[in-house]
Amino acid sequence: MAQNLQYFLIPFLQPEMMLLIWIGVFAGIWVGAIPGLSVTMAASLLISFTFSWDINSALALICGVFVGGVYGGAITAILINIPGAPAAIATAMDGYPLAQMGEAGKAIGLCTTVSVFASFVGIVVLAVAAPVIANFSLKFAPRDFFLLAVMGLLLIGSIGGGDPIKGITAGAVGVLLSMVGMDPSTGELRYTFGNLYLMAGISFVTAMIGLFGVSEALTQFRSSGMKSPKQNLDRIIPSWATFLKYLPLSLRSALLGVFIGALPGTGGDVAALLAYDQAKRSTKHPSRPFGKGALEGIIAPETANKGAIGGAFIPMLTLGIPGDAVTAIIIGALFIHGLKPGPMLMIETPHLFWMIVSCLSIASVALMVLGLISVKPFAKIIEIPKEIVMPVVIILSVIGTYAIQNSVVDIFYMIGFGIIGYFLRLYGYATGPMVLGLILGPMLDANYRRTMQGAENQILPFLQGFVTSPISLFLTLSIVFLLFSQTATYRRWRGLE
Amino acid sequence: MRKRHPNKYTNMKGMRRMKKLCVALLLLSVMTGSAIAAYPEKNPQGYIMWGAGGAMDNVARAITPIAQQHLGKTIILQNKTGATGAIATTFVANQPADGYSLLFGAENPNLYKVAGLSQIDYDQLDPVLLMMANVGVVVVAKDSPYKTYKDFIDAAMSGKTISVGSTGPGGLAFVATTMIEKIHGMKFNKIQFDGEGPCITALMGGHIDAVAVGLLAAANFIKSGSVRGLAMISTERIPGMDVPAVTEAYKEYGPYLPWGAFFGVFVRKETPKEAFDALQAAYLKAYEDPKFDEFAKSMGGVKLGLTGDKARAYIKQNQSVSAWLLYDAGGAKFSPADFGIPRPQSK
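If you read the protein sequences in the order shown, they are chains A and B.
Take 1 as the starting number for the first sequence in the working numbering and just add one per residue.
Take 1 as the starting number for the second sequence in the working numbering and just add one per residue.
Simulated from the structure, these hints should not be mistaken for lab results.
From a predicted model like this one, the values you see are computed outputs, not experimental measurements.
Each hint should be verified, as a subset may be incorrect.
Chain A is faced by these chain B residues, among others (derived, beta-carbon under 7 Å) [to be verified]:
1) Ala83
2) Ser158
3) Ile191
4) Ser226
5) Pro290
6) Glu294
Note that the Cβ used here is the ideal one computed from N, Cα and C, for glycine as well.
Based on the sequences and whatever the hints tell you, model everything.
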C-alpha cells in the first residue's frame, strides 16, 4: 500500500511531469474543440514527438491530452452546434439550444463540473476494481456487442427530430454508407465500383465533420445577419444545489461510461450516445424538454465520455487489451519505450499503473481549473458574427479532415457530406441519425456475422444464444423494455402521459 | 555618380562578358549542385500502411527515430490506411522516384493481385530493408483442454467443431488456418475479428477455441500465461518462447515454411542509387542499434535484416505460399498462375 502511494506520488514530486500534464490538458481542450482534430491523432503524433523522452514524461503529456481532448469536443458542440469529436455528438442536442438562449456559460460551466466529477469516478473505479471489470468485459461475446449496437440505433428515436420516418431513413442511409468498402468478413468489395478510394470505405469521422460541421455552417449562413444571443456569464459554476440535484444522474452515466469504455473496442462515443438515450428515457421531469436545452442532456453524455477515459485504461493496464483507440496508441508507445504492455505490465512495472492513475487525477484537476477559466473567452466566440466564425469552421473542417489520414479524397467526401447534410436539414431530416448509422453500422454488421459464424450459420443456435447467455439475455430484455416503454400502454401506466 | 555613367556605357563589352561569365558560373553551380547535393535535401515522408497502435505502426515508429539520426533529416511518419494497405502502396508507387516517399509495409500487398484488389504491389517497389518477421503461433485459452498441438489437431480431426479466429482472407490468421486445414484435410469454423488483438481478446473471453496469430500480438500473453501457445508455425523454436515448432509434431508443414508476416521499408523502383543507399545505410544502422534490439525482443518479433535479393526472395516465398493457399481455399478471385506466382516448392 505504502509502495503504491509512493508510485502515486511520482508525478507530484516531479515538477516537469506536473507541468506537462497541465500543458497536455490545455492543448487537449483545443485539439478536442476543433472538429477533425482528435485525441487519437494527437496521441499518435505525440508518440513520435516524445520518442527520446523519458516514458513518464511522455505518459504525463498523453494523459493530459486525453482528458483535455475528450472535454474539448463539448465546447464547440455547445457553442456552435458542431461537435468537436464523436463523443460530443449527443452534447450538441441540448447544449446548443442552451447557448441560443444565452446560457452557454452556464452550460459549459455545468459540463466542466460534472466532467471532472465523472473523470474521478472513472479513475476511482480504475484504481479499485480494474481486474474484476476487465475480466467481466472479456465475457462480452460478439452477440452482446451486436445488442449494444441495436440499443444504440434505438437512439434514432431521441435524436431523429420529430418525424420518425425521416429519422429512420437517415439512419438507414448511414448504415448503408458504412457498408461501402471491403467486407470485413470475406474481403468482398461492396459498392466500390472498382474505385480504390471507395475500397477504403467512408470514415465516419469524415462524414461527421461534413454532416455536422460544414452543413451547420451552410445552414447558419442562411440566418446570417441575425444578432447572436447575448450571453449571460454571471453564474458559471453551478451551485451545490444544482450539482447535488444531478448527482444521481451524473454517477449513473459516469458508471455506464466506465463500463462501456472498458469494453474492448467501444469508447466514449458509444458511451455518450447510450447515456443520452438512457437519460432521456429515465428522466421524468427534465429541466426543459430534451432537445430544447435540458441540462440532463448535457450531463449524461459528458459524464459518460469522461468516465470512459478511466474505463478505457482498465483492460489496457490489466490485460494489455486496448479499451479504445487512444489506449491502443498508448500500448504502442509503451512497446516503443521498451516496456511490455500486457498482463505482465502490472507485475514487471507496477509503478506505471499508479502513476497513470495519478496523472489522470492531476489532469482532472487541471481540467477543472483550465475549463472554468476558459468559459468566458469561449462563450464570447458565440457573439462573433457568423459571417466570421463559419468560414473559419469550414477551413478547420478541411484541415481536420485532411489530417485524419492525409487524404485529399476525404476532403471531397467531407464537402459532399456537408452539402448532403445541408439539404437534409432543409427538408427536415436530422443529420444525427446518419452519423449514428455510420458509427454503429460496422459494429452491427461485423458482430452479427461473427455471431452467425459462431452458430455455424444455423438460425436456431443463433437465436438460442440470446437467451442462454446471461449477458445477452439481460441486454435483449433491456431492448425489449426500451421498446415497450415507448408504447402508450406503458406510458399511461407510469403516468408519463 | 555622374562620372560613372559614361563608364558604364563604354564598358558594354566588359558587361556582356561579365554576363556570360555569370551565366556560365550559374550553370556550373547548378550542374555541380545537382551532382553534389547529397540526399537527403529535405525531410522524407514515411507512409505507414496500417493504423496507429498496430504492429506495423509500432515497428515503423520504433526504428525510424533512430534511422533519422543517421540520415540527418527528420522522416515524417503518417498513417495512410485503407484497403489493407493498398491505398498507401498505390500512393507511394505514384510519388516521384526520388527517395522522399517511403512505404512502411507488411506482407499484405503480396495478395492484392490474386484478391483483385489492386495491380500495384511490391513489384513496383524496392525493399530498403525487411526489419522483422512475425511468425505465426497457434494459441488456445489457458484453461483449454488442448495441452499440445497434437491434442488440438486430433480433436479437430475427430469431427468436433472448433471455432478459430480470423482477421479476413489474406490476413496471417486466415492463411495459417488454411494451411493447417489443407495439411490435415479438415475444416475449422472461422470467425472474423477486426485484428489479431481482438482475436486474442475473444480467445480469453472464451468466444473462440483457438487462433493462429502473429507472435508479435501474442508473445506477452503467452509469457504471462494468459493464453497457451501450442505451436510456432516455423521450422524452429523462437528463442525466449517456450513454444514448440510445428514441425516437431508434423513434418508435413515443411514445404510451406519459412512463412510469416514481415515488416519492411520500401521505396519506388528507379529511385536513384545514391538516395537508396543513403536510406539503406541509415536503416541498417538503426536496425543494429541495441535500442531496436530491445524493442524487437520485448515485442516477440524475429529480426530479419534482409536487403536486396534476399529480401526479394523472402517476399516472393511469402507470396507463393499465401497466394496459393488463399486460392486453393477459394478465397482468391484470380489464380496466382495468372501473375506468374509459382506454387510453393517442397524442399
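Hint numbers contradicted by this structure: Failing hints, ascending: 2, 5.
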